[in-house]
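Sequences are here, hints too, so could you generate the full structure?
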Amino acid sequence: KAGVTQTPRYLIKTRGQQVTLSCSPISGHRSVSWYQQTPGQGLQFLFEYFSETQRNKGNFPGRFSGRQFSNSRSEMNVSTLELGDSALYLCASSPRRTGGGTEAFFGQGTRLTVV
Amino acid sequence: EDQVTQSPEALRLQEGESSSLNCSYTVSGLRGLFWYRQDPGKGPEFLFTLYSAGEEKEKERLKATLTKKESFLHITAPKPEDSATYLCAVHDYYGGSQGNLIFGKGTKLSVKP
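Protein sequence lines, in the order shown, are assigned to chains A and B.
Count along the first sequence from 1, then add 487; that gives the number in the numbering used here.
Count along the second sequence from 1, then add 1022; that gives the number in the numbering used here.
Treat the hints as calculated values from the structure; they're not laboratory data.
Nothing here was measured: the structure is a model prediction, and the numbers come from that model.
Think of the CB as a built atom: it goes at the ideal place given N, C-alpha and C, for glycine as much as any other residue.
Mixed in with the good hints, there may be bad ones.
To be verified - Now the stretches of chain B that chain A is said to cover, found in silico as 3 or more residues with beta-carbon under 8 Å:
id, region
1, 1048–1056
2, 1063–1076
3, 1124–1133
Claimed, not checked - Just some of the chain B residues that point at chain A, by a computed CB distance under 10 Å:
id, residue
4, Leu1109
5, Ala1111
6, His1113
What the hints assert, rightly or not - Some chain B residues flagged as far from chain A (calculated, every beta-carbon gap over 12 Å):
id, residue
7, Pro1030
8, Ser1040
9, Lys1085
10, Lys1091
11, Glu1092
Okay, structure coming up:
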């Protein structure tokens, strides 16, 4: 069974640009969550999508947005990039909505560097 | 506020030297405690889920246990390939997090041959 696939694996962007990251969940999984990982803050929750609807959102500015398609694939967008947005962005898929003790399975992440 | 604290931050062991990692949590209503392993530059790999105090789960050299306020990840006779960062996360049913995973900062384990 294929795991969670994130593309691209690495990105270098300039301040002020925008970026779109993609995530394909495990087949049959309907929940996709996004996390930001930095050395100082660790893993922080961005948002969760389930059945094409955002169900939950973390404490990040509106520059961070996402969406989910009918095939459960998800994209995350960051506009007006700042240096502090440099991080490993992780996508996690679950068969059901998170919050009910359901395991989440992570992809390899996208390493975003903002210069 | 929900909080997950892992200790120690870093742990160096000799091959074969058993030890334990700690994860303490303060949440309103625990719906699950999760252990993950993360290698450098990679995404977290799921290890265990624990749901209630007294529960234990094992996988090879790893054993996870849960009490009402903390979880332990016991590593028996570790090998160099066990070197990684171990992350603990919780689901809080009642808290303001609305059910997303709340992660600790992790314990970086190094096992020397």
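Evaluated hints:
Counting residues of the region 1048–1056 of chain B whose beta-carbon sits less than 8 Å from any beta-carbon of chain A gives 3, enough to reach three: the coverage restraint holds. By the rule of at least three residues with a Cβ nearer than 8 Å to a Cβ of chain A, the coverage given for the region 1063–1076 of chain B holds, with 8 such residues. Beta-carbon proximity to chain A at under 8 Å applies to 5 residues in the region 1124–1133 of chain B; the threshold of 3 is reached and the given coverage holds. For the restraint placing Leu1109(B) at the interface with chain A, the shortest Cβ-Cβ distance is roughly 7 Å, inside the 10 Å limit, so the hint holds.
At about 8 Å, the closest approach between the beta carbon of Ala1111(B) and any beta carbon in chain A falls short of 10 Å, and the interface hint on this residue holds. For the restraint placing His1113(B) at the interface with chain A, the shortest Cβ-Cβ distance is roughly 6 Å, inside the 10 Å limit, so the hint holds. Once the 12 Å rule is applied to beta carbons, Pro1030(B) is consistent with being away from chain A; the minimum gap is 15 Å. Residue placement check: Ser1040(B) keeps its beta carbon more than 12 Å from all beta carbons of chain A (closest about 26 Å).
Remark: the non-interface label on Lys1085(B) is consistent with the geometry, its nearest Cβ contact in chain A lying 18 Å away (cut-off 12 Å). Distance to chain A confirms Lys1091(B) as a non-interface residue, since its nearest Cβ pair spans about 18 Å, more than 12 Å. With a least CB separation of 18 Å from chain A, Glu1092(B) remains clear of the 12 Å interface cut-off, as annotated.
In terms of the numbered hints stated before, the structure departs from none.
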